[in-house]
Amino acid sequence: MIEGLDIADARVWRREETKVRSIEAGALADAMRDEENLVWVDLLDPSPEQLRQLVLRLGVSGTVVEDALAPHERAKVTPHADHLFFTVYATQLATDTLAEHADGRSHLSVTRISGIVLPRALITIRVSSPYCEAFDMGEVVKRWDDSASLMTQGSGALVHGLLDYVVDGHFDTIQSLDDALEGLEETLFAERRTGSEFVRTTYAIRKDLVALRRVVLPMREVVNALMRHRGRTGGPLDAWYDDLYDHVLRASEWTESLRDMVSTVFETNLSLQDARLNTIMKKLAAWAAIISVPTAVTGWFGQNVPYPGFQAHSGLVMSVVITVALSGGLYAIFRHNDWL
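Note that the numbering used here has the sequence shown beginning at 1, numbered continuously upward.
Think of the hints as simulated: they come from the structure by calculation, not from any bench. Fair warning: there could be bad hints in the mix.
Derived CB-CB ranges, DEER-like [stated by the list, open to error]:
#	residue 1	residue 2	range
1	R220	E185	22 to 30 Å
2	A8	T152	20 to 28 Å
3	F171	T268	25 to 33 Å
For lysine-lysine, the following DSBU-like pairs were computed, each having C-alpha atoms within a straight-line distance of at most 35 Å [claimed, not checked]:
#	residue 1	residue 2
4	K207	K142
5	K76	K207
6	K76	K142
Since we're looking at a predicted model, the values are computed, not measured. C-beta: ideal position from N, C-alpha, C; glycine also.
Let the sequences and hints guide you as you build the complete structure.
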């Protein structure tokens with residue numbers, strides 16, 4: 001093939017048989033020219049020049065080089081006359097515990113996978129990142145092996161197996177975030193008050209959901225574009241792609257519902273804090289009213305003027321009785337109104 005090109009893995013399926021056999025890099029060009037073969041090649045970190053030579057030999061669009069290697073590309077499908085190019089993102093959550101989310105940082109890892117889809121070949125392109133190793137192509141190959149009968153349907157079967165694994169990874173990530181949100185709800189309505197740790201955890205989960213949403217929502221367009229390009233052939237892949245599209249819709253709806261839920265949790269926490277603050281203010285006002293009674297009574301009787309019980313023991317008894325009676329009465333009224 002191309003000098004220095006790093007081929008992470010490669011397979012060939014014969015049209016007459018579903019048995020899979022590995023293939024050496026030097027034999028890939030011949031294998032891809034054989035119309036009886038179905039070929040998959042996995043490239044890891046190709047240079048722009050290497051990828052440019054590859055697309056030139058394959059006769060595909062030169063825009064593939066930029067789309068496959070440029071940073072910050074969104075998930076998409078680009079149709080061409082005789083081939084397709086797609087980019088998708090696999091996800092994995094580094095943690096599923098609330099304690100680790102409390103640092104306020106995002107724990108969502110994203111792996112980018114691009115692909116060139118030819119009638120009898122699929123070339124996947126991966127660019128190294130801190131999370132690249134988290135995506136296990138071996139599991140994708142295992143899925144292809146488990147559905148070996150579909151290999152006779154061409155490269156569409158390979159694309160389906162790859163995207164099915166990616167979408168399943170989305171579901172695992174969404175499930176982990178859903179579990180984390182349930183833990184937040186339990187903390188939210190617990191007797192103890194929430195603090196800054198709760199706010200940081202909520203913020204971290206919200207960041208993960210925003211990043212996940214940018215990855216999951218475009219998958220509807222990706223799968224829909226692949227289905228339109230394939231057309232309805234009546235073959236077995238139609239049902240598999242319909243099922244894949246249904247999974248993508250469910251993942252999108254689940255992500256949107258979790259995004260709404262985390263916003264609701266955040267707003268509910270603020271409302272509960274306001275309610276607790278109002279309760280505290282009522283208690284303080286009630287105690288202030290109670291304390292004002294003895295202050296007023298002693299202040300009144302402390303005036304240097306004659307009054308009933310002035311300079312007599314009965315005056316002391318009267319002041320104590322009035323203070324206790326009025327304070328006790330106010331306490332009973334506030335307690336009855338649930339102010340204390």
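For each hint, the structure was consulted:
One distance hint, 22 to 30 Å for the beta-carbon pair R220 and E185, holds here, with the actual separation near 29 Å. At roughly 25 Å, the beta carbons of A8 and T152 sit within the given window of 20 to 28 Å. One distance hint, 25 to 33 Å for the beta-carbon pair F171 and T268, holds here, with the actual separation near 26 Å. Of the pairs offered as hints, the one joining K207 and K142 holds, with about 33 Å between alpha carbons and a cut-off of 35 Å not exceeded.
Restraint check for K76 and K207: satisfied, since their Cα atoms lie roughly 22 Å apart, inside the 35 Å limit. Taken as a hint, the K76 and K142 pair is honoured in the structure, with Cα atoms around 25 Å apart against an allowance of 35 Å.
The structure meets every hint from the earlier list without exception.
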